[in-house]
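Participant: Sequence:
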Amino acid sequence: MFRIASSPHTHSGKLTARIMLWVIFAMLPALAVQIYFFGFGVLIQIALAVGFALLLEYIVTLLRKKPKLFYIADFSVVLTAAILAMAIPPYAPYWVILVGIFCAVIFGKHVYGGLGQNVFNPAMVGYVVLLISFPVQMTAWLPPISLLNEPPTLADSIHLIFSGITTDGFSLHQLVASIDGMTSATPLDTVKTGTKSMLFSFAELSHSPIFSSILPFSSSLYGIGWTQLNLAFLLGGLFLVWRKIIHWQIPVAFLSALFAMACLNFALSPVATPPLWQLVSGATMFGAFFIATDPVTASITPTGKLIFGALAGVLVSLIRFYGNYPDGVAFAILLSNICVPLIDHYSRPRVAGHQGGR
Numbered sequence: 221m222f223r224i225a226s227s228p229h230t231h232s233g234k235l236t237a238r239i240m241l242w243v244i245f246a247m248l249p250a251l252a253v254q255i256y257f258f259g260f261g262v263l264i265q266i267a268l269a270v271g272f273a274l275l276l277e278y279i280v281t282l283l284r285k286k287p288k289l290f291y292i293a294d295f296s297v298v299l300t301a302a303i304l305a306m307a308i309p310p311y312a313p314y315w316v317i318l319v320g321i322f323c324a325v326i327f328g329k330h331v332y333g334g335l336g337q338n339v340f341n342p343a344m345v346g347y348v349v350l351l352i353s354f355p356v357q358m359t360a361w362l363p364p365i366s367l368l369n370e371p372p373t374l375a376d377s378i379h380l381i382f383s384g385i386t387t388d389g390f391s392l393h394q395l396v397a398s399i400d401g402m403t404s405a406t407p408l409d410t411v412k413t414g415t416k417s418m419l420f421s422f423a424e425l426s427h428s429p430i431f432s433s434i435l436p437f438s439s440s441l442y443g444i445g446w447t448q449l450n451l452a453f454l455l456g457g458l459f460l461v462w463r464k465i466i467h468w469q470i471p472v473a474f475l476s477a478l479f480a481m482a483c484l485n486f487a488l489s490p491v492a493t494p495p496l497w498q499l500v501s502g503a504t505m506f507g508a509f510f511i512a513t514d515p516v517t518a519s520i521t522p523t524g525k526l527i528f529g530a531l532a533g534v535l536v537s538l539i540r541f542y543g544n545y546p547d548g549v550a551f552a553i554l555l556s557n558i559c560v561p562l563i564d565h566y567s568r569p570r571v572a573g574h575q576g577g578r
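The C-terminal position of the sequence shown is numbered 578 in the numbering used here, with every residue numbered one higher than the one before it.
Treat the hints as calculated values from the structure; they're not laboratory data. Using N, Cα and C, we set each Cβ at its ideal position, and we do this for glycine too. Any given hint could turn out to be false.
To be verified - Each pair of labels, with its calculated beta carbon distance range:
# : residue 1 : residue 2 : range
1 : Cys559    : Leu318    : 28 to 36 Å
2 : Thr373    : Leu484    : 40 to 48 Å
3 : Phe322    : Leu235    : 23 to 31 Å
4 : Cys559    : Phe322    : 25 to 33 Å
5 : Thr359    : Pro490    : 34 to 42 Å
6 : Ala375    : Gly271    : 15 to 23 Å
Construct all of the structure, not just a fragment, from the sequences and the given hints.
Facilitator: Okay, here's the thing in structure tokens:
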């Protein structure tokens, strides 16, 4: 008898661990950019996330009487922890990442039976639980450290995460308060807050110090740090496509749908942001190449991948423009995950010799 295993399936002969390690490797440029613009906090968050995730994986496999080293050695839980750690504010309190990892590993993965059987992206399950439960901590992003009078050192980062103040006794609020014209911590927050009343245009809001003309092929203003971070994720994502670790359909459909919706909004609304700005803001490239492409929770058919990616891109645009949350990538991907069984059912390739593809 043949053994039937759950997804992810691959015909390339690569082990799951090797695929996970390639994805982690592709995230390194974005990690370097995030450290450069936002400080060492993300390194501490990753260390906490990975350590706690491995501990939870060990405990759960022990309780389920599964081979512990076999499940830990696939590095899937390490990738989940790294994605969640890079998605939250670098200087969020230590218990935020611990709660998020618990929800990701337990409620996002093992409650369904483990890797290959989960319905939702585990990292996004943890992120959404944190965003809904702790909105203050999850929106406490520092602006680029180059704008701060006292950029946090590694020691400051440790103190901020574990005690809420730097070694000199400054809180996150006090660090940000020194910047004139700062309305919110991130460009998406600034735009969302300023345009929600429909009284201010993007051009008027872009005088904030977190905006600058940083793309050589455009004179428009973009978010400092966030644009470079998105370009780093784009670089890593293209590497994964080139290595055939992920398929091109989901990121291409995701970005095309988001760009098309941004063009429509820009044409119809005087307060909408430029379409290109939407592609290099927030978690756009992170979501398109590293989160939506999860082989377990995304569509598995070629046509289904295009539908899944386009649906996620449209939902991101709708949430950003009409919803209460400034980004919306996590919500969009989780909502798209719900639709995967339906998408796969109606996008199955037709079997030769069978009517109706049955």
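Participant: Now tell me if each hint is right for this structure.
Facilitator: Okay, the hints, checked on the actual structure:
| no. | hint | verdict |
| --- | --- | --- |
| 1 | Cys559 with Leu318: 28 to 36 Å | 31 Å, holds |
| 2 | Thr373 with Leu484: 40 to 48 Å | 45 Å, holds |
| 3 | Phe322 with Leu235: 23 to 31 Å | 27 Å, holds |
| 4 | Cys559 with Phe322: 25 to 33 Å | 27 Å, holds |
| 5 | Thr359 with Pro490: 34 to 42 Å | 26 Å, violated |
| 6 | Ala375 with Gly271: 15 to 23 Å | 20 Å, holds |
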